[in-house]
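**Student:** These protein sequence lines are chains Y and W, in that order.
Going letter by letter, the first sequence gives residues 1 to 112 in the numbering used here.
Going letter by letter, the second sequence gives residues 113 to 945 in the numbering used here.
Note that these hints are calculated values from the structure, not bench results.
Certain hints may be false.
[As the list claims (entries may be wrong)] DSS-like, lysine-lysine: derived pairs with alpha carbons at most 30 angstroms apart: (1) Y:Lys-105 to W:Lys-680; (2) W:Lys-680 to Y:Lys-2; (3) W:Lys-680 to Y:Lys-104.
[Said to hold, decoys possible] Chain W side only, calculated, beta carbon under 7 angstroms to chain Y, not exhaustive: (4) Asp-672; (5) Leu-674; (6) Thr-685; (7) Val-692; (8) His-788; (9) Cys-827; (10) Ala-873; (11) Ser-876; (12) Arg-878; (13) Pro-881; (14) Lys-924; (15) Pro-925; (16) Ser-927.
[Claimed, not checked] Label-pair restraints from in silico Cβ distances: (17) W:Gln-801 to Y:Arg-3: 24 to 32 angstroms; (18) W:Lys-899 to Y:Gln-12: 35 to 43 angstroms; (19) W:Ser-677 to Y:Gln-12: 52 to 60 angstroms; (20) W:Pro-505 to Y:Lys-104: 49 to 57 angstroms; (21) W:Arg-653 to Y:Gly-16: 53 to 61 angstroms; (22) Y:Lys-104 to W:Thr-618: 55 to 63 angstroms; (23) W:Lys-762 to Y:Gln-12: 36 to 44 angstroms; (24) W:Ser-677 to Y:Pro-15: 36 to 44 angstroms.
Since the structure is predicted, the reported quantities are computational estimates derived from the model, not experimental observations.
Every residue gets a Cβ at the ideal spot worked out from N, C-alpha and C, and that includes glycine.
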Amino acid sequence: MKREELEKIVKQDLPGHRLASTAEPTDNVETHKNPESSTPEIDAILDRVDWGNDGGAANGPVKAGLIAGDESLDDSIALVVPEAPADSLARKNRPKAQVFSARKKTIIGSQG
Amino acid sequence: MADIATVHLLDVGGADYGDCVVCLFGDDTVLIDGGHPGNFNPLKGHKALPDQIAAVLGQNAKKLHVSLLVVSHAHEDHIGCLPRMVKEGILTADFALVADPDRGWGRTPDDARPDAGLDRRSRQLVMALREEVRSPFLPDDELTQFLADAVDMEPPYREMLDKLKDNGTKVVRHGRDSHVQLLKRFQKIGFDILGPVKKHLEKCAARVVKGMQDAAEFVADMTRDDAVSSAVDAYRRMMTSGVDAGVPRFGNYVNLQSSVLTFEVGEKRFFFAGDFQFQDPQSDEPIIIAERDRLNQAIAASSPYAFYKLCHHGSNNGFEASILADLKNTKFFGVCGGSESHPGKKTLALLEKNKSQLTWARTDHNRHCTFHVGQTMKVDVETGSLNDPKPNPPQKKDTLEQVPPGAPPAAPPEVEPRIERSDDDDRVEVVARVPHVRTRVTITIDVDPAPSTDRGGESKPIRSATPASVEHAFTVSPAVSGLLVATNARKLADNIGDDIAEEVITGLRAAGALVIGDLPADADAAVAAAPVQAELKRNSRIKGVVLLGGYDVVAAQSLDALPPSLRKRVGSTGDPDDFVVWSDEIYGDTNGDLLSEVPISRVPDGRSADLVLAALSAKSGGGSKSPFGMRNIERPFADLVYVRLDSNGKMLTSEPSEFDNTGLAIDGDYAYVMLHGDYTDGSRYWGEQTPNDREALNIGNIPKRGPAVVFTGCCWGALTVDRPAGRFAPGQTLTPKRPENSIALTFLQNGALAFVGCTGAHYSPREEPFNYFGAPMHQAFWDRVLKGSNPATALFEAKKEYMSGMPHGQTKPSSAAIEFKIWRQYTCLGLGW
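I would like the entire structure built from these sequences, with the hints used as guidance.
**Tutor:** Encoded structure:
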């Protein structure tokens, strides 16, 4: 989703907040993309794991079509901060991730 | 049925490397090598070799006799204490097949000795280079002994050969004397010498001569301006300067002189080859390469073997997959000795990879190993478990200061300690003045106040049975019966004290837990998990795994919560962890999918003996008391979870609730908390819109006897170190959180059976009916607890249920990624059972 679109949704759903600027670090520590391991592909997991007799796997992510195909309609996760925090240094006021629905044009989930 | 043959790999102690093998082949007894010189006596809890040999042979330790004595090659960790045993009349033999000392020490016919003009310290260094390389980071006493043995080994070895002859032993120098009589004598036990051939031995000897010359020149140069350093310091300086500095190493040419021997008894074959480097001779000499290849073919032609002793202490240069394949149906392997690189990681990984077909034992972890060969095979080990794939940890390098070559030894620093005692706070202040020059100073402080003033430190580890064990009437929970508890006892002891760690492990075992106390230290989770996984595969009755200790004791794994295909599609996001989380599930994974097959929980030590003792004796509350619930005002979904716990109750919300409200009392058996957390400060949780951003809850709110089960949806609530996995890079240091800066650890220290939470940022649903992101996990967990599951099992089952429902209608890649993160990051801290 475009930034303007996200800003509009923030005003609508989270009054008193704004999108964190791209130059606005969440803190002074950079993230690293070097995990020791990764989650296997979901079909491989389902092939190898006995998920019990509740038929869960059959209704699981693969059958349900886990991931929609159109990338342009992906939801967005973006950082939002209070516009006028009582204490900008307070840890709770650091930017927090919000989940924006591409289809509904609303915030459907929040960090925390 | 009686054994056809028995092979004993004897315990050669904790020093690097070393071989000593006793074979019982019918009426004939074969002793191959003699460990280290120091093995003549008991050493650091390891039995003396003469005593071990006597026990195996059923003879008097003062009067041992074998049919055949073998010295595989002329290294001190193989010749070992044989010269002394022979000299003192303890050991006699009918025959001896021995390494030729002239070739082993590179003595030429003209008796030119490159080391002849050197002083003792320099000769020690030269001879050390002829031996197996020892780590320069070994303790002083071990290096001192090694250097002395290296330089002093040749004369007694030669004397031993003379003494054997004097005693009537038929001594055969491999490649020098005729083997005919020897082979004929032991024909009935199928004795054969596959090699190496004389041409190869001569080439190796020539390279030893050259190595001695190069080493003598190198050492002379290195020590020219340094007449006062000890041999140990000079050795360390030499070995830390690296091969780029031209340090000549030629121990491989002694290894390559190892006799390659086979025996055959009752159609069972046995293989021994000292330290021969079959995989990598570390030589480009065509004669040597050709002989290595010929031997590999000959060994393959004689396979399979009932027993195969891995060469060169299991080093990577002695073994590889193609060699294993050539051994066909050989299933039983033994490894003698050990060090940082022996057995090699590749060798261990190869064995581990083929463990379903193989059985191995190793004296560095199993001590005395006995292979009983009959119609069936049986392996007994003195300690530990078979098929142990753990590499040995590296020697600590931070104990040394790197001294540049030629640097004069520093004068003893002038240290003037000044000690002051404060009457106010019972602390002692020590000031030491150290000269501002390159130096190293060791300061030892013994504080021995009168008993009335000894309160102990607040945060330092407890080193003996101190307040922790007095305060707690420690009884391990009976729920541990049938659980596998995994830890590194030494690292745990570093954090909570030797006595407490021992008490805990003893208590766990007494209560029926299976304890693995020697997980590899300083290893990544994949390596550390291997013995746990192996035990789970072996024992299907294990109900669950409890990791005992923080990440510095038992490593957690940084895990990408996303499958690779989803990772590609998500791209850059605002997730604070980039969807990378700490996970313990690998410890319960027996089929390689990084998902645990049994419930996993972790008791982080928090550098607190009190915490560990409390957590391991924690009990379920039963749920009879009213639960506690508190949520962020913006998280109404939590109410729908909480009604499961208390249909009439209501969660506190923040705003308005704050930590100092009089109505805030956590006094139930269950606590459910849905607030903001922060990874830099685990001591408090926040709501929304509180005046001055005051927190909703902090560690001061946790009662001394808190709830039994705590479940949170707080970001990083179950993070027990200072860095989330998504912000951790290899090489960085992880600092464990302590109870005083972690709500989770304080709950555990105050008696909680479990604290279940996230190792990364959590996500909550904002749209009704609130049935996605964190909500289904919260519901599934509490539903199972309320049905009577213990929290570890409840989380295990809740994860299954959550996964089966994923993505809970969130089919876009970024939202599905959040579901994967919720699923992977939830962790059970505490005993959980």
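**Student:** Hint validation: Asp-672 (chain W) versus chain Y, beta carbon distance must be below 7 angstroms. Holds or violated?
**Tutor:** holds (4 angstroms)
**Student:** Should the hint that Leu-674 (chain W) touches chain Y count as held when the rule is a Cβ pair under 7 angstroms?
**Tutor:** holds (6 angstroms)
**Student:** Regarding Lys-762 (chain W) and Gln-12 (chain Y), is the given constraint of 36 to 44 angstroms on their beta-carbon distance met?
**Tutor:** 29 angstroms Cβ-Cβ, so the 36 to 44 angstroms window is violated.
**Student:** That 52 to 60 angstroms hint for Ser-677 (chain W) and Gln-12 (chain Y) (C-beta), does it hold up?
**Tutor:** violated (33 angstroms)
**Student:** Tell me if Pro-881 (chain W) is really an interface residue toward chain Y, meaning its C-beta lies closer than 7 angstroms to one of theirs.
**Tutor:** Result: violated, 13 angstroms to nearest chain Y Cβ.
**Student:** For the range 36 to 44 angstroms, tell me whether the beta carbons of Ser-677 (chain W) and Pro-15 (chain Y) fit it or not.
**Tutor:** holds (38 angstroms)
**Student:** If you take the shortest Cβ to Cβ gap from Ala-873 (chain W) to chain Y, is it below 7 angstroms?
**Tutor:** With a closest approach of 5 angstroms, the Ala-873 (chain W) hint holds.
**Student:** Confirm or reject the claim that Lys-899 (chain W) and Gln-12 (chain Y) have a C-beta distance inside 35 to 43 angstroms.
**Tutor:** holds (41 angstroms)
**Student:** Against the 30 angstroms threshold, does the CA-CA distance of Lys-680 (chain W) and Lys-2 (chain Y) hold or violate the hint?
**Tutor:** Measuring from Cα to Cα gives roughly 20 angstroms; hence the hint holds.
**Student:** Given a cut of 7 angstroms on the nearest C-beta pair, is the interface hint for Val-692 (chain W) held or broken against chain Y?
**Tutor:** holds (5 angstroms)
**Student:** Was the hint right that Arg-878 (chain W) lines chain Y, CB cutoff 7 angstroms?
**Tutor:** holds (6 angstroms)
**Student:** Quick one, is the Cys-827 (chain W) hint okay against chain Y at 7 angstroms, beta carbons?
**Tutor:** For Cys-827 (chain W), the interface hint holds, since the closest Cβ of chain Y sits about 5 angstroms away, which is under 7 angstroms.
Violated hints, in rising order: 13, 19 and 23; the structure is consistent with all others.
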